[in-house]
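Visitor: One-letter residues, chain by chain:
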Amino acid sequence: GAVVSQHPSWVICKSGTSVKIECRSLDFQATTMFWYRQFPKQSLMLMATSNEGSKATYEQGVEKDKFLINHASLTLSTLTVTSAHPEDSSFYICSARGSGGRYEQYFGPGTRLTVT
Amino acid sequence: AQRVTQPEKLLSVFKGAPVELKCNYSYSGSPELFWYVQYSRQRLQLLLRHISRESIKGFTADLNKGETSFHLKKPFAQEEDSAMYYCALNTDTGGFKTIFGAGTRLFVKA
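First to last, the protein sequences are chains Z and V. Per our numbering, the first sequence starts with residue 1, numbered consecutively. Per our numbering, the second sequence starts with residue 1, numbered consecutively.
Since the hints were derived computationally from the structure, they do not count as laboratory data. Hints should not be assumed to be uniformly reliable.
[Unchecked claim] Here are the simulated DSS-like pairs of lysine-lysine, each with C-alpha atoms no more than 30 Å apart in a straight line:
| no. | chain 1 | residue 1 | chain 2 | residue 2 |
| --- | --- | --- | --- | --- |
| 1 | Z | Lys41 | V | Lys22 |
| 2 | Z | Lys20 | Z | Lys64 |
| 3 | V | Lys9 | Z | Lys41 |
The model shown is predicted, which means the values in this text are computed figures rather than measured ones.
Chain Z with its partners taken away, still in its complex shape (with noise of 0.2 Å):
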């Protein structure tokens, strides 16, 4: 089956500072590329839906500049969490689309970001 990673599993970084997750498809090229956010206990919250070769889309209340979304190739796209606070640290989740299959979506393990 499709398979999508990301990296780090999990990161600590200061205040101020910026940190990058990587997500992969690994066996299948992966057109969209879909950024959740997940707080402890709650559901899941698209963040920004990115498209290889495009800019992201992101959604309402998300910030583009804090949350830089890249998706230079079809199998990586990568979110750069910008001059990070205490209140960004979560869980993010992404997830990926290929350009056949309409419904399926295949999610990654997620990153554990704590802002300090």
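Since the structure of chain Z is provided, determine the placement of chain V on it from the hints.
Guide: Showing chain V alone in chain Z's frame:
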């Protein structure tokens, strides 16, 4: 408005008992609904999609457009079914995306 509602945060049943996880949706178009499951320390994975009308791990879900519901059912719960279950809706409005319900934690007791 597009919305997915899972009214129960926690559902606890005994092994062998029937289980039903409720999901209601609000969507003006033709809905594409899914159930995702997240076992402890594992990633989210697709369990069921309404269009397939399939049974996975003994679970079934029927789309009821009249009641705008997509409840997940299993006649005899197993301990290994304990997990977080999310109902989700695919939408095409303003671009393809998936809206998740708040999730229901199922705990199956021995």
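Visitor: Each hint needs a verdict: does it hold in this structure or not?
Guide: Here is what the structure says about each hint:
Pair hint lysine 41(Z) plus lysine 22(V) holds up; C-alpha atoms about 18 Å apart against a cutoff of 30 Å. Distance hint between lysine 20(Z) and lysine 64(Z) is fulfilled; the C-alpha atoms sit about 14 Å from each other, no more than 30 Å. Distance restraint check for lysine 9(V) and lysine 41(Z): the Cα-Cα separation of roughly 9 Å lies within the 30 Å cut-off, and the hinted pair is therefore satisfied.
Checked against the numbered hints listed earlier, the structure breaks none of them; every hint is satisfied.
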